[in-house]
Amino acid sequence: MRLATWNVNSIRARVDRVTAFLDRHDVDVLAIQETKCRDDQFPHLLFEAAGYQVAHVGLNQWNGVAIASRVGLEDVQVGFDGMPAWGDPAGAEARAISAVCGGVRVVSLYVPNGRSLDDPHMAYKLDWLGRLRTYAAARLVAAPDEPAVLMGDWNIAPEDEDVWSMAFYENKTHVSAPERAAFRAVLEAGFTDVVRPFTPGPGVYTYWDYTQLRFPKRQGMRIDFALGSPAFAARVSGAFIDREERKGKGASDHAPVVVDVTD
DNA sequence: ATGGTTGAATATCAA
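All residue numbers for the first sequence refer to the working numbering, where the first residue is 1 and numbers rise by one.
Honestly, the hints are just simulated from the structure, not real lab data.
Keep in mind the model is a prediction, meaning the values are calculated, not measured.
Every residue gets a Cβ at the ideal spot worked out from N, C-alpha and C, and that includes glycine.
Distance ranges between label pairs, derived from CB positions:
| id | residue 1 | residue 2 | range |
| --- | --- | --- | --- |
| 1 | 45 | 116 | 35 to 41 Å |
| 2 | 51 | 178 | 39 to 45 Å |
| 3 | 81 | 24 | 34 to 40 Å |
| 4 | 212 | 117 | 20 to 26 Å |
Restricting the straight-line Cα-Cα distance to at most 30 Å, the calculated cross-link-like pairs of lysine-lysine (DSS-like) are:
| id | residue 1 | residue 2 |
| --- | --- | --- |
| 5 | 217 | 247 |
| 6 | 36 | 249 |
| 7 | 172 | 249 |
| 8 | 217 | 36 |
| 9 | 172 | 247 |
| 10 | 36 | 172 |
| 11 | 217 | 249 |
| 12 | 172 | 217 |
| 13 | 36 | 247 |
Start from the sequences, fold in the hints, and give me the full structure.
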């Protein structure tokens, strides 16, 4: 079975690229982030025509996450237990959705950006990640043998080599010690980065800013990850980052990350 | 020129 995760930066602007990607790489399950639409605006029919069931949560033009699957889509859950609320009035944002696809619990995640180190969004980001760690740890206790994968846009570059320049990111988000500790805490809860062993750095990224010619200058960040439970990680047979998807007109600023598991 | 691009409530905000 082949799974992938991709921050598409608007599903409506990108749906042709997304369905072409699914076809080209024979993807069974795609975790999608930043759909940037309400559910009634999501192009459900195009996914159905391509043979995929879709679970999507989108509340407005921001965030929005989905899972598209052609190997079943069971026990859909919006958000995760304990996911923090945000806003005034406070409410849950559309940043997490999960389902069981082909026997794997797939969680599609869009971690809050943080904006800047002293912004309230940064405290929200750290709280959100802490709650995610608690959820992930609880799942391993409740179902230690369940294949589960937390995949999406984590908005964290966990290692120095995951950014094109540590000097550039000094005092910026994505590389700060608290963010990296929050990411590491999920690993310490028992989850494993199943992609990095197949895509070693340095210079291997999943995101390049639209501005400043970052992509042709190879100035990116590795911030999209698939973290597998022990039962999932044991079945991973390969992984790659589809850098080609960042090329050309109409590309998302993120590339898809693909993971293969044995059936 | 203190930006540079893209996408979404077209007017700014978010990334």
